[in-house]
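Novice: One letter stands for each residue in the lines below.
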Amino acid sequence: MDFTQFDPQPIYLTLRLATITTVLLLCIATPLAWWLANSRWRYRQVINALVALPLVLPPTVLGFYLLLLLGPRGWVGQFTESLGIGILPFTFTGLVIASVIYSLPFAVQPIQNAFAAIGRRPLEVAATLRASPWGRFISVALPLAKPGLITGAVLGFAHTLGEFGVVLMIGGNIPGETQVLSMAIFDHVEAYEYDKAHVLAAGMLVFSFIVLLVLYWRTDQCPPRHV
Amino acid sequence: MTENYQSIEANFRLKRNEFELDVDFKAPGKGVSAIFGQSGSGKTTLLRCIAGLENPDRGYFNLKGTCWHDDKQSWPVHRRPIAYVFQEASLFAHLNVRKNMEYGWQRITKDQRKIQIDEVVAWLGLETLLDRQPDQLSGGQRQRVAIARALLTSPQLLLMDEPLASLDTPGKAEILPYLESLYQTLDIPVLYVSHSPQEVQQLADYLILLDQGKVKAAGEINTLLTEPQLPLAHFEDAAAVLNACVVGHDKTFHLTSLAFNGGQVSVSYNALPIGHKARLRVCARDVSLALIPPQHISINNSFPVRVVSVNPDRDPSQMLVRCDVGGQSLLSRITRRSVQTLNISPDKIVYAQVKSVALMK
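Chains as they are written, first to last, in the numbering used here: chain A, 27 to 253; chain B, 11 to 371.
Quick caveat, the hints were computed from the structure, so don't treat them as lab data. Think of the CB as a built atom: it goes at the ideal place given N, C-alpha and C, for glycine as much as any other residue. It is possible that part of the hints are untrue.
Claimed, not checked - DEER-style ranges, computed between Cβ atoms:
1) A:G229 to B:A175: 38 to 46 Å
2) A:F105 to B:N65: 20 to 28 Å
3) A:Y69 to B:Q48: 55 to 63 Å
4) B:R108 to A:G202: 47 to 55 Å
5) A:L52 to B:Q48: 43 to 51 Å
6) A:S108 to B:D145: 39 to 47 Å
Modelling step: build the complete structure from the supplied sequences, incorporating the hints.
Specialist: Shown next, in the form of structure tokens:
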């Protein structure tokens with residue numbers, strides 16, 4: 027195996043993408059999960075179903091519509107162009123947006139379940155102890171939902187590492203810009219560079235396995251406490 | 011209007027599926043008012059309305075002249091100066107005992123902190139528990155921490171929703187003395203939800219009787235416990251409570267004497283100071299009636315009473331006689347035959363012989 031030709035760029039790019047995506051996911055998924063867990067709006071299941079769509083849709087379908095939406099004729103594309111940001115497909119930013127949408131259910135669902143498991147009582151207690159709605163969320167809901175938040179973050183991160191179809195549709199394969207690990211592996215295989223493909227593929231396999239192992243092991247160690 | 015400043019006024023209407031709460035009552039602005047009723051009578055819902063945890067269709071609440079809830083406004087829960095003790099302790103699982111207790115305390119301003127942490131720790135015996143996690147506590151300990159946590163918001167009204175119901179008998183016995191002394195120490199009104207006649211007899215000064223979402227009766231504990239028209243007087247453990255005062259101790263026979271208007275009784279020695287105001291619980295089944303002052307019997311506690319009414323009891327062989335002793339009411343459960351033989355009738359002066367008296371606080 028010729029390691030002098032080994033190009034680490036896809037690895038950096040992938041980790042950067044996954045990290046940024048995870049941070050954004052937590053910012054979006056936490057309030058969304060809170061709302062889904064507490065809303066009594068009769069059509070909230072519509073939102074629930076929308077969020078879960080990436081679980082069942084082929085990534086190409088999602089990527090296709092994102093491409094149209096973010097492209098020069100799509101209304102998001104026209105909007106970003108009018109702002110002077112330009113067109114997002116085939117850029118890193120476009121990839122981040124697509125990743126966030128694609129991984130959203132993986133982050134939302136564990137967080138939503140964690141919020142739902144808390145129940146109304148601790149929040150009612152906090153209210154009688156003078157905590158404002160925001161204070162209750164920060165001091166009671168978030169700490170009690172911590173395991174769910176961690177699970178959501180890890181799953182969102184790991185899922186972003188592994189995406190392929192959406193990247194293919196919206197990111198293309200631009201080295202240093204949108205060429206993530208899965209694309210690089212695909213390229214290597216296409217070019218019959220099996221040894222290079224092996225390095226990346228095996229690395230990802232081991233990494234993903236360790237992430238999941240740590241996650242499950244952790245949930246085993248600290249079962250939810252109810253007092 | 012002056013009365014307004016010393017009382018609690020509540021008026022709520024709330025409809026949920028089959029259940030309807032529709033209450034309107036006044037309670038004194040001091041002491042313990044028990045909200046008593048069977049499960050499903052709406053006690054907890056009423057307490058939740060007062061706390062602001064429910065959204066009633068109609069609501070009015072006024073505590074000593076300050077209105078929290080009427081047609082125009084409803085204070086949010088966290089702005090109401092209440093302490094709420096739930097049936098289950100509901101401690102925050104992610105905080106230790108000390109942090110749990112500080113939760114509400116931190117959220118009020120310094121000049122509002124009338125009750126200090128050291129004080130409640132001493133009152134409730136929590137010294138050794140402060141660094142523990144909630145899941146390392148027994149049920150009774152958890153409930154004590156919950157009470158401490160609630161009190162540390164220096165509330166103007168204490169709401170307690172069956173704080174003993176989730177505890178086993180030793181747990182109940184552990185908490186009750188704390189509650190009794192707390193109510194005597196704190197100068198704030200307490201609304202205490204319960205379905206246990208014994209707790210009510212022990213703790214309450216005033217009683218609000220709920221039945222199927224409506225107030226069936228409200229009044230002084232002594233009056234309501236002995237009211238033959240109400241179910242309380244017909245319970246197996248029906249009892250009257252008498253306010254009395256410690257007047258002396260007898261070291262030889264190991265007795266403590268307590269006096270009340272119209273009589274005096276002796277109970278097992280209790281190291282209470284002379285002059286201490288105490289409550290006596292006298293079960294209806296422990297009171298027998300005699301036409302002349304009893305002599306030559308082992309019962310020591312006897313005093314004259316005036317018969318107020320003679321009422322049928324649940325068991326057709328028994329009658330429930332309500333008597334007046336110096337302005338307080340007493341119940342006597344005797345057989346229908348005795349009523350006839352002795353010709354017990356209203357306004358007759360008879361002698362109550364009390365077989366057993368419990369000193370409550």
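Novice: Now look at each hint and say whether the structure bears it out.
Specialist: Evaluation of the provided hints:
{"no.": "1", "hint": "A:G229 to B:A175: 38 to 46 Å", "in the structure": "violated (58 Å)"}
{"no.": "2", "hint": "A:F105 to B:N65: 20 to 28 Å", "in the structure": "violated (41 Å)"}
{"no.": "3", "hint": "A:Y69 to B:Q48: 55 to 63 Å", "in the structure": "violated (39 Å)"}
{"no.": "4", "hint": "B:R108 to A:G202: 47 to 55 Å", "in the structure": "holds (53 Å)"}
{"no.": "5", "hint": "A:L52 to B:Q48: 43 to 51 Å", "in the structure": "holds (48 Å)"}
{"no.": "6", "hint": "A:S108 to B:D145: 39 to 47 Å", "in the structure": "violated (57 Å)"}
Going through the hint list in order, the structure does not satisfy hints 1, 2, 3, 6.
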